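Novice: Starting from the structure of chain A, add chain B where the hints point.
Chains A and B, in that order, are what the protein sequence lines are.
Per the working numbering, the first sequence starts with residue 58, numbered consecutively.
Per the working numbering, the second sequence starts with residue 58, numbered consecutively.
If you're looking for bench data, these hints aren't it; they were derived computationally from the structure.
Note that this is a predicted model, so its numbers are computed, not measured.
All C-beta atoms in this analysis are idealised placements derived from N, C-alpha and C, irrespective of residue type, glycine included.
Some hints here could point you the wrong way.
[As the list claims (entries may be wrong)] Some chain A residues close to chain B (C-beta under 7 angstroms, calculated; not the full set): (1) Pro197; (2) Ala201; (3) His204; (4) Arg212; (5) Ala213; (6) Val229; (7) Ala232; (8) Gly263; (9) Ala291; (10) Glu293; (11) Phe305; (12) Trp417.
Protein chains: 2
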Amino acid sequence: MSQEWLDALDPQSPFGLEALPFGVVLSEGRGPRLAVRLGEQALDLAAVSATTGSPHANLFDKGTLDPLLASGRAVWHEVREEIAEWLTSRRRAASTRPHLLPLAGRACAMPFSIADYVDFYSSEHHAANLGRLFRPGADPLPAAWKHLPIGYHGRAGTVVVSGTPVVRPSGVRLAGDPAEARVGPSEKLDFEAEVGFVVGVPSELGIPVPIDRFEEHVFGVLLVNDWSARDIQAFESVPLGPFLGKSFLTTISAWVLPLQALEAARLDQPPKEPAGSSHLAGHAGHAGHAGSGYAIELEVRLNGSVLSRPPFETMYWSAAEQLAHMTSNGASLRTGDLFASGTVSGPAHGQYGSLLELSWNGTQPVELEDGSTRRFLLDGDEVAMTATAPAPSGCRLGLGEVTGRVLPARPTRAAPA
Amino acid sequence: MSQEWLDALDPQSPFGLEALPFGVVLSEGRGPRLAVRLGEQALDLAAVSATTGSPHANLFDKGTLDPLLASGRAVWHEVREEIAEWLTSRRRAASTRPHLLPLAGRACAMPFSIADYVDFYSSEHHAANLGRLFRPGADPLPAAWKHLPIGYHGRAGTVVVSGTPVVRPSGVRLAGDPAEARVGPSEKLDFEAEVGFVVGVPSELGIPVPIDRFEEHVFGVLLVNDWSARDIQAFESVPLGPFLGKSFLTTISAWVLPLQALEAARLDQPPKEPAGSSHLAGHAGHAGHAGSGYAIELEVRLNGSVLSRPPFETMYWSAAEQLAHMTSNGASLRTGDLFASGTVSGPAHGQYGSLLELSWNGTQPVELEDGSTRRFLLDGDEVAMTATAPAPSGCRLGLGEVTGRVLPARPTRAAPA
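Isolated chain A, as found in the complex (with noise of 0.2 angstroms):
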């Protein structure tokens, strides 16, 4: 085993040979084209395996992640062994060299096809963050939040890829001193730092997923960004939840980790107080829940300032429970379902995962580098997530960044051509 020649790759990057996260790139003439990531290059599979062959040729040759994640974890890790012999062995290299494409310039697609999206809210900073802000005075977590993990359903067709610009939505809102509805662009637009998961293997209707089957269902991690019109959605939530004030657009990394990438990343979550819910024990009962928490250490930046560095390991409900309530009704999974953990914020200021907490719903305006200071995104801001989590080497590992610019709103009355 060697990997001498793969100079380009600078031994600091946490897209080295212990992430390999999975994607898809354009390629001119070619289409897309499935690939791992290595540094800031990605490896061509679908032309590797033509030149080399692979028994998993036709899992990389549809240009989307969709065939591998339906393949099931057996097949993940074997495919994950083959790729890494392809960078690592001697023998090897001289066909996987020429099918490394540099990523600088180079877009992304979407790496898989969204299936159902449901968002959770499964911070307990966050949530008390906004009872505190919204209903100051009461509880600040709602009287459901420590027996299941609360979430809703998002819009699967407006999740796009990191870089897809962010036009600034317009919609029937709340605003003004007294605040009143009216109709205009959003006043409010801001993100929300998340940790996304995959869905690979589906299941069946009617039969819920226990906790400790989690990795035999879910193929990876993601990062998301969950672009929220706090005036619309304050409007309109009562009481069928988020609806238009998300709708607009979800961003996720173009990058995707398998679990098996993380394994050194696991811990235990906080303790919970009260425990959870008996509809969420596995069949080894709550030990099913140690390790399922994920040491993963987010990073927002805003036109380059550091806004926060978000504390995945914090979450209160883990992406295991989660899945285990998501399917506890028999809902079904479906290959390609993404969920995400909701707003990741830590304890402290600096490690809240929204602009609404950093501003204190905009009465406290964080100052950037530059000097000037935001309540919410302007028209241009740019808002850049990435996160990095152990490997076994000890070294870190990256999840792929999820960035978007924020565009200014259309004219409300504009119509197709």
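Specialist: Leaving out everything else, chain B in the frame of chain A:
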């Protein structure tokens, strides 16, 4: 023109030549077949076009409505004319007749692939009934209710075709007196009678679809039973809305009626007081609202007893307004998007579209013809919904029925084999 050869067609059938809804029937050995329904038979479109030729053969042979949905309004109308010609031309009879398949004992498949599923809440009577039940003494309508059509995203992956069994869901629900959170099978399983609209032509991300473009995008109409576990829903819904109380199953009719068949059913909606929000105005201003209601009469039966006859014409928000609202923030449409009206309830008790309203949250049990009573659904209960609307001839045409039988809850710790 002659239809004398259509001897099997009951002249009183609501599925005569003025209806011609599309669906997918299962055929032994030949897989799913796209068909139109004619009385109690289904015409296999690919089989006819294979023997006689058709400019639309490539829309008929995929065993799903998906390609026809995407083909646009001009083609929708051409195809409807072509099929009517197949059925009514004496010259065509010999080649058409052999491809009429009896529906008795034949299963239907999902007629199309659901992209996103949105459920609205657009009956003022229903929303006000729920307000009176759960917020007595307060304004029965939520603050935003008359400003915009309130809605939320449901789970597309658990939308199933009529006839699919309904396994009673389990979950964390409010039960006992005083009510507290307990895990177990729902004790308040309910139906909701709704009308759903199917999007054919997609729209561009960031560009709202104005109200007067409704018929460019929407292919047709079907019936929806939005099964609801009221006790699960009641506990989980603050602040993000319904989730597991709805996501276990939503049933649609097997037959999709093209909008074109409903021209004679169009009528003005109830007047708006105050006027609807300006973000819903069409390019012709509020004139776009005229004629956007539909005189569809629903009927709900439980084990054969008629429980209710909800009148769709009483809906406050129209489907055109719902579509305009749903895209007013720039959210795009995809082929196969399904949006439902919300429970259709008229002003009178016999017009309520849910057991929650009919039994007034279980306090006034409903009596069936066999003398038994219901507060909510029991295991073994079968709910059947049908609907008719005025046809151009002055007769009535039908929307396909949506049925489902309740099966007992499964053990909560069951796991896949």
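Novice: Mind checking the CB of Ala201 (chain A) against every CB in chain B and telling me if the closest is under 7 angstroms?
Specialist: holds, 5 angstroms
Novice: Just to be careful: measuring from the Cβ of Ala291 (chain A) to every Cβ in chain B, is the smallest value less than 7 angstroms?
Specialist: violated, 10 angstroms
Novice: With chain B as the partner, please determine if His204 (chain A) meets the hint condition of a C-beta pair closer than 7 angstroms.
Specialist: holds, 5 angstroms
Novice: So, Trp417 (chain A) near chain B? Judge it on the closest CB pair being under 7 angstroms.
Specialist: Violated - the Cβ of Trp417 (chain A) stays beyond 7 angstroms from chain B, reaching only about 18 angstroms at its closest.
Novice: How about Glu293 (chain A): closest beta carbon in chain B under 7 angstroms, or not?
Specialist: holds, 5 angstroms
Novice: Verify the interface restraint on Ala232 (chain A): the C-beta must sit less than 7 angstroms from at least one C-beta of chain B.
Specialist: At 13 angstroms from the nearest chain B Cβ, Ala232 (chain A) fails the 7 angstroms test, so the hint is violated.
Novice: Against chain B, with CB atoms and a cut of 7 angstroms, does the hint on Pro197 (chain A) hold up?
Specialist: violated, 12 angstroms
Novice: Would you settle whether the hint for Gly263 (chain A) is holds or violated, based on the nearest Cβ-Cβ distance to chain B being less than 7 angstroms?
Specialist: holds, 4 angstroms
Novice: Once the shortest beta carbon distance from Ala213 (chain A) to chain B is found, is it less than 7 angstroms?
Specialist: holds, 6 angstroms
Novice: Any CB of chain B closer than 7 angstroms to the CB of Phe305 (chain A)?
Specialist: At about 4 angstroms, which falls below the 7 angstroms cut-off, the nearest Cβ of chain B leaves the hint on Phe305 (chain A) intact, so it holds.
Novice: Double-check Arg212 (chain A) for me: the hint is only fine if its C-beta lies closer than 7 angstroms to a C-beta in chain B.
Specialist: Interface hint status for Arg212 (chain A): holds (6 angstroms vs cutoff 7 angstroms).
Novice: Please verify that hint: Val229 (chain A), Cβ, nearest Cβ of chain B, below 7 angstroms or not.
Specialist: holds, 5 angstroms
Of the numbered hints listed earlier, those contradicted by the structure are 1, 7, 9 and 12.
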